[in-house]
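Using the sequences plus the hints, can you model the full thing?
There are 2 protein chains.
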Amino acid sequence: MKIALVQMNAIIGDFQNNIDSIKKHTHQAYTQGAQLVIFPELCVCGYPPKDLALYPSFQKENDHALQVLSETLPPDIAVLVGSITSSIHGLQNTMSCIFQGKIYFQQSKTLLPSYDVFNEPRIFTPAQTFHSFTLGKTKIIVAICEDVWRDTEIPGNRYTKNPLEELTKLSANVLIAASASPFYVNKPKLRENIIKKIALKYHIPVIFVNTTGAHDSLIFDGYSFAVNAQGEIVTRLPGFKEYCAYTEIPSRKKKLLVLHQNKYADICDALCMGINDFVHKNNCSRVHFGLSGGIDSAVVAVLAQKALGAKNVHAVLMPSIYSSDTSIQDAQKLVASLCIRSSYIPIHTHFTAFLSSFNLSLHAQGITVENIQARIRGILLMAIANQESSLLLNTGNKSELAVGYCTLYGDMTGALSVIGDLFKTEVYELAAYLNTKEPYIPQSILDKTPSAELRPHQKDQDTLPAYDVLDSILAHHLIQKQCAKQIIKKGFPPQTVSKVLHLVKKSEFKRFQSAPILKISPLTFGDGRDMPIAGKGIPI
Amino acid sequence: MKIALVQMNAIIGDFQNNIDSIKKHTHQAYTQGAQLVIFPELCVCGYPPKDLALYPSFQKENDHALQVLSETLPPDIAVLVGSITSSIHGLQNTMSCIFQGKIYFQQSKTLLPSYDVFNEPRIFTPAQTFHSFTLGKTKIIVAICEDVWRDTEIPGNRYTKNPLEELTKLSANVLIAASASPFYVNKPKLRENIIKKIALKYHIPVIFVNTTGAHDSLIFDGYSFAVNAQGEIVTRLPGFKEYCAYTEIPSRKKKLLVLHQNKYADICDALCMGINDFVHKNNCSRVHFGLSGGIDSAVVAVLAQKALGAKNVHAVLMPSIYSSDTSIQDAQKLVASLCIRSSYIPIHTHFTAFLSSFNLSLHAQGITVENIQARIRGILLMAIANQESSLLLNTGNKSELAVGYCTLYGDMTGALSVIGDLFKTEVYELAAYLNTKEPYIPQSILDKTPSAELRPHQKDQDTLPAYDVLDSILAHHLIQKQCAKQIIKKGFPPQTVSKVLHLVKKSEFKRFQSAPILKISPLTFGDGRDMPIAGKGIPI
Chain A
1 MKIALVQMNA
11 IIGDFQNNID
21 SIKKHTHQAY
31 TQGAQLVIFP
41 ELCVCGYPPK
51 DLALYPSFQK
61 ENDHALQVLS
71 ETLPPDIAVL
81 VGSITSSIHG
91 LQNTMSCIFQ
101 GKIYFQQSKT
111 LLPSYDVFNE
121 PRIFTPAQTF
131 HSFTLGKTKI
141 IVAICEDVWR
151 DTEIPGNRYT
161 KNPLEELTKL
171 SANVLIAASA
181 SPFYVNKPKL
191 RENIIKKIAL
201 KYHIPVIFVN
211 TTGAHDSLIF
221 DGYSFAVNAQ
231 GEIVTRLPGF
241 KEYCAYTEIP
251 SRKKKLLVLH
261 QNKYADICDA
271 LCMGINDFVH
281 KNNCSRVHFG
291 LSGGIDSAVV
301 AVLAQKALGA
311 KNVHAVLMPS
321 IYSSDTSIQD
331 AQKLVASLCI
341 RSSYIPIHTH
351 FTAFLSSFNL
361 SLHAQGITVE
371 NIQARIRGIL
381 LMAIANQESS
391 LLLNTGNKSE
401 LAVGYCTLYG
411 DMTGALSVIG
421 DLFKTEVYEL
431 AAYLNTKEPY
441 IPQSILDKTP
451 SAELRPHQKD
461 QDTLPAYDVL
471 DSILAHHLIQ
481 KQCAKQIIKK
491 GFPPQTVSKV
501 LHLVKKSEFK
511 RFQSAPILKI
521 SPLTFGDGRD
531 MPIAGKGIPI
Chain B
1 MKIALVQMNA
11 IIGDFQNNID
21 SIKKHTHQAY
31 TQGAQLVIFP
41 ELCVCGYPPK
51 DLALYPSFQK
61 ENDHALQVLS
71 ETLPPDIAVL
81 VGSITSSIHG
91 LQNTMSCIFQ
101 GKIYFQQSKT
111 LLPSYDVFNE
121 PRIFTPAQTF
131 HSFTLGKTKI
141 IVAICEDVWR
151 DTEIPGNRYT
161 KNPLEELTKL
171 SANVLIAASA
181 SPFYVNKPKL
191 RENIIKKIAL
201 KYHIPVIFVN
211 TTGAHDSLIF
221 DGYSFAVNAQ
231 GEIVTRLPGF
241 KEYCAYTEIP
251 SRKKKLLVLH
261 QNKYADICDA
271 LCMGINDFVH
281 KNNCSRVHFG
291 LSGGIDSAVV
301 AVLAQKALGA
311 KNVHAVLMPS
321 IYSSDTSIQD
331 AQKLVASLCI
341 RSSYIPIHTH
351 FTAFLSSFNL
361 SLHAQGITVE
371 NIQARIRGIL
381 LMAIANQESS
391 LLLNTGNKSE
401 LAVGYCTLYG
411 DMTGALSVIG
421 DLFKTEVYEL
431 AAYLNTKEPY
441 IPQSILDKTP
451 SAELRPHQKD
461 QDTLPAYDVL
471 DSILAHHLIQ
481 KQCAKQIIKK
491 GFPPQTVSKV
501 LHLVKKSEFK
511 RFQSAPILKI
521 SPLTFGDGRD
531 MPIAGKGIPI
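Protein sequences, first through last, are from chains A and B. Residue numbering for the first sequence follows UniProt numbering, beginning at 1 and increasing consecutively. Residue numbering for the second sequence follows UniProt numbering, beginning at 1 and increasing consecutively.
If you are wondering where the hints come from, they were derived from the structure by calculation, not from laboratory data. Don't take each hint at face value.
[Unchecked claim] Not the full set, but computed from the structure, chain B residues with beta-carbon under 7 Å of chain A: (1) A53; (2) Y55; (3) N119; (4) L190; (5) N283; (6) R286; (7) G378; (8) P539.
[Claimed, not checked] In silico DSS-like pairs for lysine-lysine, Cα to Cα no more than 27 Å straight-line: (9) K102(A) to K137(A); (10) K485(B) to K60(A); (11) K481(B) to K510(B); (12) K187(B) to K263(B); (13) K506(A) to K311(B); (14) K499(A) to K60(B); (15) K505(A) to K510(B); (16) K263(B) to K24(B); (17) K505(A) to K60(B); (18) K187(B) to K161(B); (19) K510(A) to K510(B); (20) K490(A) to K60(B); (21) K161(A) to K437(B); (22) K481(A) to K60(B); (23) K137(A) to K169(A); (24) K506(B) to K311(A); (25) K437(A) to K189(A); (26) K60(B) to K489(A); (27) K448(B) to K437(B); (28) K499(B) to K60(A); (29) K506(B) to K60(A); (30) K510(B) to K506(A); (31) K490(B) to K506(B); (32) K254(B) to K187(B); (33) K60(B) to K506(A); (34) K506(B) to K510(A).
[Claimed, not checked] Sample of chain A residues facing chain B (criterion: CB under 8 Å; computed from the structure): (35) N282; (36) Q387; (37) K481.
Note that CB positions come from ideal geometry on N, CA and C, so glycine has one too.
In structure tokens:
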């Protein structure tokens, strides 16, 4: 039996687009002689539908779309699609097999994740029953995303049910795992290892179909694959693009696409897809951002140009009296090498207007005047967004966002944070990786000492520990959930650790108002970290 | 048996504060001859602990606090407190009875809400077992918050278990319901009705103890009470303040405090508590805000003065060329009547600096120049926050936030949105209520036609439908979750409905970056409405 794996890029709530895409892929698979086409989880309505799913009108459109598909898809090819369905217990997250003009089979999702960025119990109720379906001589069972993650050590995994135990009792020939599994670094490898273990444990071939495309913070990488009952990968689809590939019931190993060996190759592809989909799924085409001559905005410039093409990217240089000549020159060099449009708007007159409101001299120092500069830039960038219907990209990194070394409504402005899930040390590594492809970023940007350039001779390290130390402490605290005492035991200076953890707590209010951040790590600010503002934080 | 009901105001993560408070109230109850003291849900760690609870160090402090309490509370009074506990299945939300120097009894929460602002499955695992405990001749069972909401028609309520069925099988003499139940209008009455039904259904007296105080968006009103087995309220505590009252096992009705008859009396108390607790639990004391001469900032001014006292409140007048003389005069009158500090910072020079960056004349019109004005004010207000360590209050209302009639990083700045959960029509009604107490708000502010004053002769109704129409459409769409077709059926003009719903969808990106909003309705922007930004919205 020839099976098509379609890692489709759906649009949330755009039922017509999703129906059209399902039809197009099905027709193509049909002409290729496939008997079964597998689409990802919730491809009919898009994932995650969030509270849209609570609207009866959204549910109705979803039901109508499923109806339209069952009436219009070719009757003699089986098509497995994901949608919302209604049961007496509530909404369910369901895969339906459309065959011979009707809904031939349905299986709902059992395990509803509520950790990290997931909040599925808010919307769905779990499956109560387990079924198989048969095509020709092939008996098929279906699991949905989290259903295959039951035995992993993901934090927050506390399931009592095990849908795979129930499903595999049905003695099927193949398990289909339909997913909308968001990307983070090494997730593609992790998924393959999980599925290999399942294939071996239950002696069953598994076909894993993941969605592609990005929605707000979440990037879905695809990287679908099939494993045989011996746990060997026999087919692997590429990452970060909508794609269709064919397999038989997995048995013999074929020549395989190799997974990215470099962490930053995946990150680069993920962030480009994240930018591209956010811009286009918001019906925009152009972006702009402040280009300072520092590493962060340089990396965002390269990513934006890769994602959208040079003609859709606009860099805005906004020097102040504290901007160094080399920063301006470096920014201009980068603009030239990327062939992107740029604007040059000095902020001096704006700055003096604000200073005079507070009777401050031009050489006044302190947090007030530093923030004023950052916020003037925020106003200028938002004015360009208004004037040109362009989307403002935020260029902040995870280290500064973690400790609040950033200005709310200043450099924190933007519709989307591109590198807000990369620590500063990772931003450097990503820059180096990007430069191995094409050396867009001037060496002087890679070499210079990091500075916000908001006062004379300012350096980030006047205020913060060295970034390698800072980023290690942050990783221990944010990802490993360690307290000061545990981190100090690893050999970090007690005062530094206390200071960093204090800054993390103190800046919760800033992150509360942050733009959505493209997720590329297991712990991303935003939905992935839900913290109180008022009150005390983690004991220091 | 004399029982103390303590509706305590805990601080999230401030274990020492919470231990001290529990001890203080217990000692007082002990000297009053009480045999049992009941505290609210999670009073040891504060509610909601959110992702703090996922940190092992936070769990350890919580366990330590429970240990300290069991060792230091007087041994011959039973004290029921709420804390996190660890089980083999994961963390649980538990009430522990401390008696005779040890933990005498524990009951965990069964129903974990995941609708509206709640996301408890993220943190907790449900109770598996049900117990009672006995003091003297009294057999007691304990339910925790959502456990008593099983049979209500709250949207998202899809529980299969019923802890009350299990608990009441234990044939107890009294049911204690310990809660951290956040306020919205009419919630106190709703809770009483739910508990009355439970008392009647299971023929058992019920003592309901709710927490007080605010944390970020959530305001906990208290309004604890006791009902006898006939479903009559026999004791009622006041709303919006930490309080201790005594009851016997509820039987005879006593003279009762009357629940607020006026919706705005509760809202006023709720918002004042919300401001006060946000400010103090963030270790601040002072607030400031932009005062325009319009109704919204006038209402916030009065609430801030009531909450914090005149000396801690600072109104900032920032007129532009489009500000009317009457607006400025009205703002000054209000400042005088409230006896609060004010600053006067015209934004003209700042405005011309920005205009010249874009080669715009002083009389240029359009969204760009309107937003620039709002954002200059944002910078000035944030500069004051930096200079004076004062907290900026946001003065936007729910109607404008819903349709995006507000400027991101402009009038949307602030650490806390005070009236962001009141529709414009409700803001007027609240103003009228406040003026019945003391006529602080000049009549001319109540009477004037609403205007953002960002261009000549601008009126809100140039852009938006009349507020009574707008607010009705919004209530149908946001709270009743109706689509355009359903709202049009109610008699609203089709074009108006389409336009409003389109604006709601188009401004999701703004609300994503909004300050936390004090919750006083069943559907508050923020955690209460989790919507995608990219993609299509509700079918229009």
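To see whether the hints hold, each was checked on the structure:
1. Against a cut-off of 7 Å between C-beta atoms, the interface hint on A53(B) is violated, since the closest Cβ of chain A lies about 10 Å away.
2. With a least beta-carbon distance of about 5 Å to chain A, the hint placing Y55(B) at the interface is held under the 7 Å criterion.
3. Using the Cβ-Cβ criterion of 7 Å, the hint placing N119(B) at the interface with chain A is satisfied: the shortest such distance is roughly 6 Å.
4. Here the hint on L190(B) is broken, as its CB sits about 20 Å from the closest CB of chain A, past 7 Å.
5. Against a cut-off of 7 Å between C-beta atoms, the interface hint on N283(B) is violated, since the closest Cβ of chain A lies about 9 Å away.
6. Hint status for R286(B) relative to chain A: violated, with the closest Cβ pair at about 16 Å, above 7 Å.
7. Given the 7 Å rule on beta carbons, the hint for G378(B) holds: about 6 Å separates it from the nearest Cβ of chain A.
8. Hint on P539(B) holds. Least Cβ distance to chain A is approximately 5 Å, under the 7 Å limit.
9. Distance restraint check for K102(A) and K137(A): the Cα-Cα separation of roughly 20 Å lies within the 27 Å cut-off, and the hinted pair is therefore satisfied.
10. Between the alpha carbons of K485(B) and K60(A) the distance comes to roughly 13 Å, so the proposed pair stays at or under 27 Å and holds.
11. A distance of roughly 20 Å separates the Cα atoms of K481(B) and K510(B); the hinted pair therefore holds under the 27 Å criterion.
12. About 11 Å separates the Cα atoms of K187(B) and K263(B), which keeps this hinted pair within 27 Å; it holds.
13. The hinted pair formed by K506(A) and K311(B) meets the criterion: a straight-line CA distance of about 25 Å does not exceed 27 Å.
14. Distance hint between K499(A) and K60(B) is fulfilled; the C-alpha atoms sit about 22 Å from each other, no more than 27 Å.
15. The straight-line distance between the Cα atoms of K505(A) and K510(B) is roughly 24 Å, inside the 27 Å bound, and the hint therefore holds.
16. A C-alpha spacing of about 33 Å is found between K263(B) and K24(B), which places the hinted pair above 27 Å, so the restraint is violated.
17. Note on K505(A) and K60(B): the hinted pairing holds, with a Cα-Cα distance of about 19 Å set against a maximum of 27 Å.
18. Restraint check for K187(B) and K161(B): satisfied, since their Cα atoms lie roughly 24 Å apart, inside the 27 Å limit.
19. Of the pairs offered as hints, the one joining K510(A) and K510(B) holds, with about 15 Å between alpha carbons and a cut-off of 27 Å not exceeded.
20. Proposed proximity of K490(A) and K60(B) is supported: the alpha carbons are some 20 Å apart, at most 27 Å.
21. Of the supplied pair hints, the one linking K161(A) and K437(B) is violated, its CA atoms being roughly 58 Å apart against a limit of 27 Å.
22. Between K481(A) and K60(B), the direct Cα distance comes to roughly 13 Å. Compliance with the 27 Å bound is thereby established for this hinted pair.
23. Using a Cα cut-off of 27 Å, the hinted pair K137(A) and K169(A) holds, with the two alpha carbons roughly 18 Å apart.
24. The suggested pairing of K506(B) with K311(A) holds, with an alpha-carbon distance near 25 Å, which does not exceed 27 Å.
25. With a C-alpha separation of about 24 Å, the suggested pair K437(A) and K189(A) falls inside the 27 Å cut-off, and the hint holds.
26. Among the hinted pairs, K60(B) with K489(A) is consistent with the structure: their alpha-carbon atoms are about 17 Å apart, no more than 27 Å.
27. Using a Cα cut-off of 27 Å, the hinted pair K448(B) and K437(B) holds, with the two alpha carbons roughly 21 Å apart.
28. For the suggested pair K499(B) and K60(A), the alpha carbons sit about 22 Å apart, so the restraint of at most 27 Å is met.
29. A threshold of 27 Å between alpha carbons decides the hint, and for K506(B) with K60(A) the separation of about 22 Å falls inside it, so the pair holds.
30. The straight-line distance between the Cα atoms of K510(B) and K506(A) is roughly 24 Å, inside the 27 Å bound, and the hint therefore holds.
31. Taking the CA atoms of K490(B) and K506(B), the gap is about 24 Å. The hint holds against a cut of 27 Å.
32. Between K254(B) and K187(B) the alpha-carbon distance is near 23 Å, which keeps this suggested pair within the 27 Å criterion.
33. A threshold of 27 Å between alpha carbons decides the hint, and for K60(B) with K506(A) the separation of about 22 Å falls inside it, so the pair holds.
34. With a CA separation close to 24 Å, the supplied pair K506(B) and K510(A) stays within the 27 Å bound.
35. The closest approach between the C-beta of N282(A) and any C-beta of chain B is roughly 5 Å, which is under the 8 Å cut-off, so the hint is satisfied.
36. Because the smallest distance between the Cβ of Q387(A) and any Cβ of chain B comes to about 5 Å, under 8 Å, the interface hint for this residue holds.
37. At its closest, the beta carbon of K481(A) sits 5 Å from a beta carbon of chain B; the interface hint therefore holds under the 8 Å criterion.
Violated hints, listed in ascending order, are 1, 4, 5, 6, 16 and 21; each of the other numbered hints is respected by the structure.
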